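Novice: One letter stands for each residue in the lines below.
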Amino acid sequence: MMGLQENEFRGIIQIDKKACKGCDGCKSVCPTGAIEGKYGANHTINQEKCIDCGQCLINCPFGAPIDTIDMVDQVMARLIDKSTTVVATIAPSVRVAIGEEFGMEPGTLATAKLYGALKQVGFKILDTNFTADMTIMEEGTELVEKLRHYFLGEDTVTPVGPLPQLTSCCPGWVHYAELNNPGVLKHMSSAKSPMMMAGALAKTYGAQNIWGVDPQQIYVVGIMPCTAKKFEASRPEFYNAAQYWGKRGRTGNYPDIDTVLTTRDLARLLKKLNIDLQAVAEITDADNPLAQYSGAGTIFGNTGGVMEAALRTAYFVITGQELPILSFEPVRGLNGVKKTDISLHDAQTGKDFILKVAVVNGIKENLTSVIEEVEAGNSPYHFIEIMNCPGGCVNGGGQPTNPMGTAWIDKYKALLPW
Amino acid sequence: MAHYDYEEKKLSVSRREFLGLLGVGAAVIWMGAYVTTDLVKNRKKYIRMRAQGLYKDDGQSVIRQSHNNKALMDMYAQFAGKPLSTVPQELFHTKYVDRINLGGVI
Ligand code: SF4
Ligand code: SF4
Ligand code: SF4
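Those protein sequence lines, which keep their order, are chains P and W. Heads up: the first sequence begins at 16 in the working numbering, then just goes up one per residue. Heads up: the second sequence begins at 3 in the working numbering, then just goes up one per residue.
No lab work stands behind these hints: they were computed from the structure. Don't take each hint at face value.
Derived DSS-like pairs: lysine-lysine, alpha-carbon spacing no greater than 30 Å straight-line [said to hold, decoys possible]:
hint, chain 1, residue 1, chain 2, residue 2
1, P, K33, W, K46
2, P, K42, W, K47
3, W, K84, P, K201
4, W, K46, P, K32
5, P, K354, W, K46
6, W, K58, P, K134
7, P, K371, W, K84
8, W, K97, P, K379
9, P, K64, P, K32
10, P, K161, W, K97
11, P, K371, W, K58
12, P, K379, W, K58
13, W, K84, P, K262
14, W, K97, P, K286
15, P, K64, W, K97
16, P, K161, W, K72
17, W, K46, P, K371
18, P, K354, W, K58
19, P, K354, P, K371
20, P, K64, P, K379
21, P, K64, W, K46
22, P, K42, W, K72
23, P, K354, W, K97
24, W, K97, P, K262
25, W, K46, P, K379
26, P, K53, W, K84
27, W, K46, P, K286
28, P, K201, W, K97
29, P, K379, W, K84
30, P, K134, W, K72
31, W, K84, P, K366
32, W, K47, P, K354
33, P, K32, P, K42
34, P, K97, P, K287
To give an idea of the interface, some chain W residues facing chain P are shown, with a C-beta separation under 7 Å as derived from the structure [what the hints assert, rightly or not]:
hint, residue
35, I49
36, G55
37, S68
38, L74
39, M77
40, F94
Predicted model only: the values in this text are computed from it and were never measured. Note that the Cβ used here is the ideal one computed from N, Cα and C, for glycine as well.
Just chain W, with the same shape it has in the complex:
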């Protein structure tokens, strides 16, 4: 089998850069916040790219609606019955917890 070597992409700062950053102190701290704003702006660009990927997946699907998913309807017919009926209530629904009044559980 062929072997591939990958470099893990890193967001972190290298040792040399890290030392350099320590040297410039407050300016860098300020820049961190500044860069974060910039990152967030940059991020919007690829959020859109990823979102487009999913809309493309939707657009090219033959079946566009959940109720037309035949394999899913087979599951209900063979196993779970109707949505919200007994088996779905046992397996697919849940309850929530008021954590303010839960107190401390360890």
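Only chain P is shown next, with the shape it has when bound in the complex:
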């Protein structure tokens, strides 16, 4: 198939022919125009365009699009095998949504319950929020280097890419850009997504410094609000831990992330093991260094959250002071494109400059104008956060589908003639 690298998953999301009513609802949310089929007829997905984001899946009123990668049983088998260290890396947005599958209100913060349940069934925890903080250190340092180079004329050790810098933590967006706007890839931060950093970290630092096990015996499960993460984990680039050890005399070939479960998948796994999240004993995991995270790491799941987290650190690095007000309202909320300016006073040179940033969420509606400027080389911004899903990962394609417990059919039954 066009546009795929070797061994990458294809066709993760498929439409069940028997369930599709041809209502066109999914077309109105699909960011890539991948859905084909006449109004009233069965719809199908053009897999050469699809970025596996799952927006069609969570928005179809008939539940017709399905996620075809189901690894629940494989993960359960690994949990039973005592020679394997099974590591869960949990994305920010999972903790505020998984409760919905167990009768809690949307937004209920279930971190301690989730840790409790995961430990009970045999996972070790490397919170993705920890590696979200790491993403900020890597991506933020990259941004600060560019700013110092372009604004203050300083030399850099290695050549830096052009401004604006684009965020790279959303695999839906990365895949979209690779398919549709390859001209902007040089603007993309080279930082991996927090999940991919977690995989590489687990099989190096985790193996050696924390758990004291052979990296080959570690099985890392990404627990994600996102179906595009299943695609990302299958990319051939991500064997970096194995390559790291290869250079240091330990052979072996294994991926950084072994598999991905969505929030829905994890709920299914827990139910199969008869775990009720509501009844699980809470665990804070205070003495696990890989479960420590800052408030900046956790807001990654919201549109604007990566920007806000990056600004807190970039501001500190440049001005030498912490941002006075941490809740950075201009980048919060559900507007499709949010823009703001931040004045920075460089502590080293005494120079002032203005950092211009933009936040895009919902590629379908909101990307075009912003990205066309970047392609044309006249973007007014220095840093742009882009997330595929409207609202960010809290509304990802792997999240629970009916949080309020009411399928649409209940609400509309009154209108139907039977």
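Since the structure of chain P is already known, use the hints to place chain W with the ligands on it.
Specialist: Below, chain W with the ligands alone, put in the same frame as chain P:
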């Protein structure tokens, strides 16, 4: 151990409803699109609820900035060195692929 029985919540339409829907044909197709718009509106409500959950997590955190995450700084000190240095370049950074010019790989 206690056993719990769960009902998987379903978004899908039951068999009886499905047959009924077939019966009403085009009106239902139209309604699907209509309901999707409504679902999207409804969805905004719980996107906000989930987003609030994360902002609450942030607000109640003792540490609010990534560079103040001590366990992370320990990791850099013991293992990776500085951000963007050699080990982070090996493990935490990546490259992207121009898929338009990639051609067909099976
Ligand atoms: S929204 Fe669902 S039922 Fe309607 S066309 Fe798309 S897949 Fe088919
Ligand atoms: S998964 Fe995303 S890109 Fe693929 S068809 Fe569905 S909405 Fe479109
Ligand atoms: S916004 Fe989040 S959930 Fe949606 S595709 Fe991107 S990473 Fe996945």
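Novice: Tell me the numbers of any earlier hints that the structure contravenes, in ascending order.
Specialist: Hints 14, 22, 26, 29 contradicted; others consistent.
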